[in-house]
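Chemist: Protein chains in written order, with the working numbering: chain A, 345 to 507; chain B, 345 to 507; chain C, 345 to 507.
Among the hints, erroneous ones may be present.
Identical copies look the same in the list; a pair holds intra-copy or inter-copy alike.
[What the hints assert, rightly or not] Subject to a maximum C-alpha distance of 27 Å in a straight line, what follows is the list of computed DSSO-like cross-link-like pairs (lysine-lysine):
#1 358 - 390
#2 390 - 361
#3 390 - 448
#4 408 - 358
#5 390 - 502
#6 408 - 390
#7 448 - 361
#8 390 - 357
What the hints contain is simulated information worked out from the structure, not anything from laboratory work.
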Amino acid sequence: YSTLANSKNINEKKPCKRFVLYYHDILFNGTNASNATSAATTNDTKLGNFKHGKLVIFDDPMTKDNHLLSPPLARAQGFYFYDMKTTYNAWFSYTLIFNSSEHKGTINIMGADMMDEETRDLSVVGGTGDFFMTRGICTFRTDAFEGAAYFRVQMDIKLYECY
Amino acid sequence: YSTLANSKNINEKKPCKRFVLYYHDILFNGTNASNATSAATTNDTKLGNFKHGKLVIFDDPMTKDNHLLSPPLARAQGFYFYDMKTTYNAWFSYTLIFNSSEHKGTINIMGADMMDEETRDLSVVGGTGDFFMTRGICTFRTDAFEGAAYFRVQMDIKLYECY
Amino acid sequence: YSTLANSKNINEKKPCKRFVLYYHDILFNGTNASNATSAATTNDTKLGNFKHGKLVIFDDPMTKDNHLLSPPLARAQGFYFYDMKTTYNAWFSYTLIFNSSEHKGTINIMGADMMDEETRDLSVVGGTGDFFMTRGICTFRTDAFEGAAYFRVQMDIKLYECY
């Protein structure tokens, strides 16, 4: 047993790789299939008035700036659901898929999205390809929220293990 | 390539941080919204008689002892579902959210809950804030099971990577 | 801060442990309960024509060769769902459960299954028991696809952190 081994020399302020991307989510309403990037596969459970239990499955574009129509640098594929009865609060698990000349590979992310906070940290739990075996933090910041129709989140991805 | 690099000096008996908490789950039955902390967002699939396919989304209190009304030290937000046709067996993925003077941050956990076993180990796959980049094991032990209405699990959280 | 600390000496071609297993999924159709190993707990969302939103919960056998009836070396318990509107694409999160004389313990895996690719890499994000604290890559290769009824995936599991 070694204290050293359990406290590797990682500095929270100095990720080995970092990039900021914008996540755009357009919810399917039954008639917008050409634009929609996500859809709810369950209804609310009626526990409270904050969409508790609504589970949304998405394949969303990730862009380098906050313009929906900018060329996507990655896709975000996965799900979120609302989980509180007293406020809006979500939980995410998803994969960022890069397939460009710049990056090929995936980054896997999960964690709680406490929407009332200005920023929220989720865990980067693994990666593949150019992001082989990576770990880190993904910080969410809501950038736009237009009712049920559209929301946008800035995702600041900081990787602390790079191979 | 180095054998050393692939077998860091971690001792399963000596976590760098450890705490034991109790998880309390009160399932929404349509009329107990004031007490309920979770609700099923899908019905059973009817594959077998052990609730296969029932998916429950929760925001549950975590207490330091096994009293439901003790002050919560954290919230557990996430989901579980039943996945077997021949016995009760669940699968969990969730976040522990700490927001107290003692701890601020999150711990992300996932794994199988083989309910017939006395103890079951899940993986701590990441953390944020005070638990930045942590990994470890979360051992479940059923502490009470009162039908569909309420169950309680002791969660023994052992962290082996601390920063 | 140390570059060394952030780039441990891991060689993608030299896992510390590796094994290849076959995953068999037989979907419940309402009448095949004795053979079925999985069932859909939600319906498609109707966003596109590729089963978007269908969420399947499974307890599937893992065998060492591609014969469905070979003795299972592990169980795979978890879920997948379809997430694209323009092609078949899935997302998985699950646990491999080993309980034999050879191996006891679990391996937790998550990631995107881009079914149009010949191989797809998912992340091994943690483990317990004999696989205590492991991490790595799980490479999917479709081995058989027989409509909705049955599919089989070769899973090549490469572990790069072993304790």
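Chemist: Go through the numbered hints given earlier and state which of them the structure violates, listing their numbers in rising order.
Modeler: Hint check: 1, 2, 3, 5, 6 and 8 fail, others pass.
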